[in-house]
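Count along the sequence shown from 1, add 40, and you get the number used in the working numbering.
Think of the hints as simulated: they come from the structure by calculation, not from any bench.
There may be inaccurate statements among the hints.
[What the hints assert, rightly or not] Derived lysine to aspartate or glutamate pairs resembling EDC-like cross-links, with alpha carbons at most 20 Å apart:
| hint | residue 1 | residue 2 |
| --- | --- | --- |
| 1 | 45 | 174 |
| 2 | 45 | 113 |
| 3 | 173 | 158 |
| 4 | 95 | 73 |
| 5 | 173 | 114 |
| 6 | 95 | 168 |
[What the hints assert, rightly or not] What follows is a set of in silico ranges between Cβ atoms, one per label pair, in the way DEER data are often shown:
| hint | residue 1 | residue 2 | range |
| --- | --- | --- | --- |
| 7 | 141 | 67 | 29 to 35 Å |
| 8 | 58 | 120 | 33 to 39 Å |
| 9 | 56 | 159 | 40 to 46 Å |
Heads up, the beta-carbon is just placed ideally off N, CA and C, and yes, glycines get one too.
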Amino acid sequence: MNIHKCRIIQLPKIQNPKGNLTFVEGRNQVPFEIQRVYYLYDVPGGAERGGHAHKELHQLIVAMSGSFDVTLDDGFQKRKHHLNRSYFGLYVPPMIWRQLDNFSSGAVCLVLASLPYDEEDYLRSYTDYLTVKDGK
Numbered sequence: 041m042n043i044h045k046c047r048i049i050q051l052p053k054i055q056n057p058k059g060n061l062t063f064v065e066g067r068n069q070v071p072f073e074i075q076r077v078y079y080l081y082d083v084p085g086g087a088e089r090g091g092h093a094h095k096e097l098h099q100l101i102v103a104m105s106g107s108f109d110v111t112l113d114d115g116f117q118k119r120k121h122h123l124n125r126s127y128f129g130l131y132v133p134p135m136i137w138r139q140l141d142n143f144s145s146g147a148v149c150l151v152l153a154s155l156p157y158d159e160e161d162y163l164r165s166y167t168d169y170l171t172v173k174d175g176k
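Model the full structure from these sequences, guided by the hints.
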């Protein structure tokens, strides 16, 4: 995969004076079936999350509250996205290195994933990531 497969997906936004509603359905708004949902919160100032790639997993990363940056790296190019709207998600396909940082106070990061958790799917060393990527 290369970084050009990553993209911002605008999620449906239903506006209402009593409060807005946004929804996500697997294979409709996102290009994969959703099998796992998790979220990051109470991230200390200056902390970084991510710092890995996935061999098979697809993800949609959404700033549910607050903001943060996601830096994507395909081994050749890097691209930074600033996420700060709950109706925009960043699609990250397999074999893209990702780093999350610059979390605002109270930020909540929602991640929709295509597979259940599997430690074997992670590439946690950038050197290992480049080795596997070059082998594919």
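Right, here's what the structure says about each hint:
1. Note on residue 45 and residue 174: the hinted pairing holds, with a Cα-Cα distance of about 18 Å set against a maximum of 20 Å.
2. A threshold of 20 Å between alpha carbons decides the hint, and for residue 45 with residue 113 the separation of about 12 Å falls inside it, so the pair holds.
3. Distance check on the hinted pair: residue 173 and residue 158 sit about 19 Å apart at the alpha-carbon level, within 20 Å; holds.
4. Taking the CA atoms of residue 95 and residue 73, the gap is about 17 Å. The hint holds against a cut of 20 Å.
5. Proximity of residue 173 to residue 114 is assessed by CA-CA distance (about 9 Å); at most 20 Å being required, the pair is judged to hold.
6. At most 20 Å may separate the alpha-carbon atoms for a hinted pair to count; residue 95 and residue 168 meet this at roughly 11 Å.
7. Checked against the given bound of 29 to 35 Å, the beta carbons of residue 141 and residue 67, roughly 31 Å apart, stay inside it.
8. Our hint of 33 to 39 Å for residue 58 and residue 120 holds, since their Cβ atoms are close to 35 Å apart.
9. Range check, residue 56 to residue 159: about 42 Å between beta-carbon atoms, so the 40 to 46 Å window is met.
When each numbered hint is compared with the structure, no violation occurs for any of them.
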